[in-house]
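Protein chains: 2
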Amino acid sequence: MVYKYINEHAETFIQDLVRLVRQPSISAKGEGIAECARLVEEMMQEAGLSTKILMGEVGNPVIYGEVWSKNSEKTLLFYDHYDVQPPEPLEKWDYEPFGGKIVNGRIYGRGVTDNKGNFVSRLKAVQAFLETIGDVPVNIKFFVDGEEEIGSPNLAPIVEAYRHILVADAAIWEFGGTDRKGRPHLYLGLKGVLSVEFKAKAAKKDVHSANAPLIPNPAWRLVWALNTLKDEYERILIEGFYDNIVPPSAEETEFLRRIPFEEKELKEELGLKQFLKGVSGFEALKTWLYQPTCTINGLFAGYTGKGSKTVLPHEAVAKLDFRLVPNQKSDEIFDKLVRHLKRRGFGDLEIIRHGSTEPTKTSVSDPFVSLVAKTAEKIYGEKAVIYPLSAGSGPMYLFRNFFGYPIVSAGCGHPESNTHAPNENLKIESFITGTKFIATLISDFVNAHA
Amino acid sequence: MVYKYINEHAETFIQDLVRLVRQPSISAKGEGIAECARLVEEMMQEAGLSTKILMGEVGNPVIYGEVWSKNSEKTLLFYDHYDVQPPEPLEKWDYEPFGGKIVNGRIYGRGVTDNKGNFVSRLKAVQAFLETIGDVPVNIKFFVDGEEEIGSPNLAPIVEAYRHILVADAAIWEFGGTDRKGRPHLYLGLKGVLSVEFKAKAAKKDVHSANAPLIPNPAWRLVWALNTLKDEYERILIEGFYDNIVPPSAEETEFLRRIPFEEKELKEELGLKQFLKGVSGFEALKTWLYQPTCTINGLFAGYTGKGSKTVLPHEAVAKLDFRLVPNQKSDEIFDKLVRHLKRRGFGDLEIIRHGSTEPTKTSVSDPFVSLVAKTAEKIYGEKAVIYPLSAGSGPMYLFRNFFGYPIVSAGCGHPESNTHAPNENLKIESFITGTKFIATLISDFVNAHA
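Those protein sequence lines, which keep their order, are chains S and Z.
Counted the way this note's numbering counts, the first sequence spans residues 701 to 1150.
Counted the way this note's numbering counts, the second sequence spans residues 701 to 1150.
Please note that the accuracy of each hint is not assured.
Any copy will do: because identical chains look the same in the list, a pair fits if it lies in one copy or spans two.
[As the list claims (entries may be wrong)] Simulated pairs of lysine-lysine, DSBU-like, Cα-Cα distance not exceeding 35 angstroms: (1) K1006 x K801; (2) K1074 x K967; (3) K905 x K792; (4) K801 x K977; (5) K899 x K704; (6) K1006 x K841; (7) K841 x K1036; (8) K986 x K770; (9) K905 x K729; (10) K729 x K1042.
Keep in mind that the hints were calculated from the coordinates and are not lab data.
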């Protein structure tokens, strides 16, 4: 009955997703946030949920929605986010980033997979129950973040303040999907992330580069400072950076070994002959999931237009993120970074701390993990692939630390979704199947031990 | 009579300069070049010169103009250029870069000093003779380059092809001006410049920075490559970079010692406590004029907007220029640079060579130098300051190498002209006095030994 409803209403589900995609919501720039928050609340209400705006002292609102089951005491919480990454570089998009254009069975737009598509698929699964049986099999809670893409810097006080309403038995995290062979991938943990920005400054204004023998060049200062952070062998040189890291357990390693890592396909898609340092196979997979990183996200200084310009810039900027693995802590890493730069003579650099999150994971032996895996196998016809940790990040640690309930990330993405990149898209088929998967999971959760 | 004409027509001279400033002519981007070339030719014709377009097989046209004296065999050539630097960063301008707005006795606009103001002041000096005495004291030639700001990459074949019409007894180069105390500054030589661009590439597209453990980051490659070029002590590390450098002669050093280096004012203007490596006084001046450089003009990679974005860029670009001193050669330096990057393991970087010019100078003991200095003292009421070499660059070497005639650079700029930077401007008073200086120089040149 629920499947039938989903099939018959697929077209309106797609239109609702397109409507949400067309509303920009770029947290990094503060664009369209209030409008998108209103739209998310409206869509939840239209689906039959009662809603509440959770606000901290600063930051974007969290949209909370709930619907209580008439027959079950169990509660399943969905963590999603309505904010999206900036769409730049705009010239690399084939379609409008906020157009929601449908081409060859795919919806294109910034955020269509990450995370608006996943949010809508979950919302529609709940709506399908309410419209067909007039009830939900278990209590449902939605927690829709507005700052996930900037590291959820203001979420901790919100989760704490509203901890009484965020109680649940288990949670489904924002992302996930199938691989090229249609196998569903589930993720049990997240790395942490720490985003920072360096600003080097020198003279009050740009000058003619003829003055270079005398005038300090912040672009050079930036290059030299960055060079002290990581060497050509990809070793991060900040003192104590690798302290406290816990390698994968024997059990986790077992799960790791079962992951069919689509190495060849990934290399082909990216046009790469080999991965960094030539790692491949199990080694590449383990590196991907368990290695902390230091990444330059952006560089800017001086003249970047066509041709040349003999200018000496007076400012240079670098944006970086560090991915952290259990049990690194973002505060410690930031302190170590600041200390490192001072020690190496770069105390003149301005260091801005953007968002951060901590690494966390749910145990591979938790019964909820088996439940989600079984449901996924039923829907996708393929055994689920379980990642004890994922390479991504998010505020999952807040929920794990406050409530301790198991959290699994599962969604309707696919390998060519281009999340965080130009031409982000979602296959309509994945979106609809994903909706059925969530509906089934809600049913299966009623009698599960989890 | 000529001074009277200049005073009476100052307003129309200013209007003509504003007209030229309002015509963009950005050689780096190919913007407005043809239009500006036509305007320059028109203005020369309006002033009474006969003109000729000098074209090479590629590149922007040179506008040549001449007028023959009825009574003198002597010829003075003016080298100018109608192209300008890109106006970026646009947000740092208080007025439209191509608006030519007049505020508090200054004309604002990209190129108003460098070099449209100097060109117009010279043209108007010649016009003043033609309109008052119906003749010029000496033969006058104008050579107005269209690619000076990109290193005049196509000028050598033009100078060679038209060498029969470019013969002269001496030349005045494009730039110069007075210092804060009103002393005229003359320049007898130029450094060379070599502009290059590095492009680092990795994957076919930007990816989520969660993939950083596996995917090469071209921004890091660029940082590491740049770091091998110059160290924190400002030492350029390219093998053989400092070969062939000729230090200033005893005579040049004498001239250097007489230069009143406005160190305090320069530091104040730029908000600097000290120059690079703490040099000051004579040492700073010598460093400025005789030290070759390696300057980052621009850096670009990934996300450079507000806040953070967890992206791993697939391309990173750096723009650099090298300032060369006698007797470094741009071809040799470029070869050494390419070899250096290969040797250091950065053969994967794409290296684009933009324009280049060679260092050159006129002897401090040339009689033409004394003539220009005497004329300048007469007009400005202050002893001329003579630079045996300047920190700037240009295609002066082509004229010196082909014809051997002495060349002095003298013009109507001032220390707050902001050439190559936002809010470039020219004081109207400097512009008019500069016009009188050129008129006087043309008169004085008739009977000079030079």
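Evaluation of the provided hints:
no. : hint         : verdict
1   : K1006 x K801 : both (32 angstroms within a copy, 27 angstroms between copies)
2   : K1074 x K967 : within (30 angstroms within a copy, 71 angstroms between copies)
3   : K905 x K792  : both (32 angstroms within a copy, 9 angstroms between copies)
4   : K801 x K977  : neither (39 angstroms within a copy, 57 angstroms between copies)
5   : K899 x K704  : neither (56 angstroms within a copy, 54 angstroms between copies)
6   : K1006 x K841 : between (52 angstroms within a copy, 33 angstroms between copies)
7   : K841 x K1036 : neither (39 angstroms within a copy, 65 angstroms between copies)
8   : K986 x K770  : neither (45 angstroms within a copy, 87 angstroms between copies)
9   : K905 x K729  : both (26 angstroms within a copy, 23 angstroms between copies)
10  : K729 x K1042 : within (30 angstroms within a copy, 40 angstroms between copies)
The structure shown violates the earlier hints numbered 4, 5, 7, 8.
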